[in-house]
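Chemist: Counting in this note's numbering, the sequence shown runs from 2 upward without gaps.
Hints were generated in silico from the structure; no laboratory data involved.
Worth double-checking, as some hints may not be accurate.
To be verified - Mimicking PhoX-like on lysine-lysine, the simulated pairs with C-alpha atoms at most 20 Å apart in a straight line are:
no.: 1; residue 1: K322; residue 2: K336
no.: 2; residue 1: K355; residue 2: K26
no.: 3; residue 1: K339; residue 2: K263
no.: 4; residue 1: K73; residue 2: K135
no.: 5; residue 1: K4; residue 2: K86
no.: 6; residue 1: K333; residue 2: K322
no.: 7; residue 1: K4; residue 2: K52
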Amino acid sequence: MKKLVIITNIPSPYRVDFFYYLQQKVEDYEIHIVYASRNEDNRAWEIDESKLQNSHFLDSWTLKIPRRYDTKYIHISKGVGGLLKKLQPDVVAGSEYNPTILQAVRYCMRHQIPYVSWTDGTLYSERNINGLQKKLRRYVIAKAAAYIGSSTRSREAQIAYGADPARCFISFLTADLDKYKVEPEGRDASRLLCVGSLIERKGVDLLLQALAGVEAPFTLALAGAGPEEERLRKLAGELHIQDRVEFLGYLQLDELRRQYSKSGIFVLPTREDCFALVILEAMCAGLPVVCSRYADGGCDLVEEGRNGCLVDPYDTEAFQKCLRDLLQNPDKASKMGKASLQLLEGFRFEEVSKGFMEAVRLADKGEK
2 MKKLVIITNI PSPYRVDFFY YLQQKVEDYE IHIVYASRNE DNRAWEIDES KLQNSHFLDS
62 WTLKIPRRYD TKYIHISKGV GGLLKKLQPD VVAGSEYNPT ILQAVRYCMR HQIPYVSWTD
122 GTLYSERNIN GLQKKLRRYV IAKAAAYIGS STRSREAQIA YGADPARCFI SFLTADLDKY
182 KVEPEGRDAS RLLCVGSLIE RKGVDLLLQA LAGVEAPFTL ALAGAGPEEE RLRKLAGELH
242 IQDRVEFLGY LQLDELRRQY SKSGIFVLPT REDCFALVIL EAMCAGLPVV CSRYADGGCD
302 LVEEGRNGCL VDPYDTEAFQ KCLRDLLQNP DKASKMGKAS LQLLEGFRFE EVSKGFMEAV
362 RLADKGEK
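Take these sequences, add in the hints, and give me the full structure.
Modeler: Structure below.
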């Protein structure tokens, strides 16, 4: 049996589930997962340790770089070449462009092992990267034998950096959808749910400003924690909607499922996001989705007018119009929620694994 090694940063729940699925279902490759680090201090995830099969953790130290909206974590790993020598892979697939991946690419080049470049990034999410970062992307792209994008826009970014479109595949970032399937329980059509860290990048302030001008009754539930909470509470007070905004804090899966089950509309007002899995979670709950145009994945997950709407959160008037329309027309919102459930099937592991493994097998053929 051939051997595939996948290299990524940390074990996030959705990735661990996907890797476990591949390990159980792909019969022609023994699959090993290499993590640059065990976690990042801004993550409060719970991982199912039983699914960390054939998993390896590198020794590393983490560089934290403050950015306008959040903090970037760069893991400086050692022992990449030694571990790959021990594992003897036939193919290596690596996520993103960082020091760990650079070591892996160089090892693959020296030992003539096909490398697959995999990314969640888009031209918009990477619009502010510097010249060195652009050179690194072009270098990795030039050395790769195939490419995996987590969304339509991720694939576009790979092509912009020099990838051959014929060797670019899409494997949508997704989750174990059955985990998030919920039955409505006391669903309130006027209850809005927003899930995400309370940081500036997530755009909750833009949502509050839009809701202040919506005349229809509503309650906004914010599931998440972060440094912006105090400022957001103050803003809600200034806008005179503090009695209609609930700060729930960070929620683990069971409680999050309960929030999805009783909410009527899901809102993602982000200023910037790579593929936003919370959209899929909301769709699993049968909710209509009001999604920022700056959320990558929105264009793949939200069909305008069918299961939700894409909005510019900076355009307060347009944002208000969409929210008001759904709040005042619960039957329309309910119909969109049913459409969300119908659109889910293309994002199951069974489907998204096809593009991933097509890229791996093409690279493994050694054909250029």
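Chemist: Going through the numbered hints above, which ones does this structure break? Give me the numbers in ascending order.
Modeler: As far as the earlier hints go, not one is violated by this structure.
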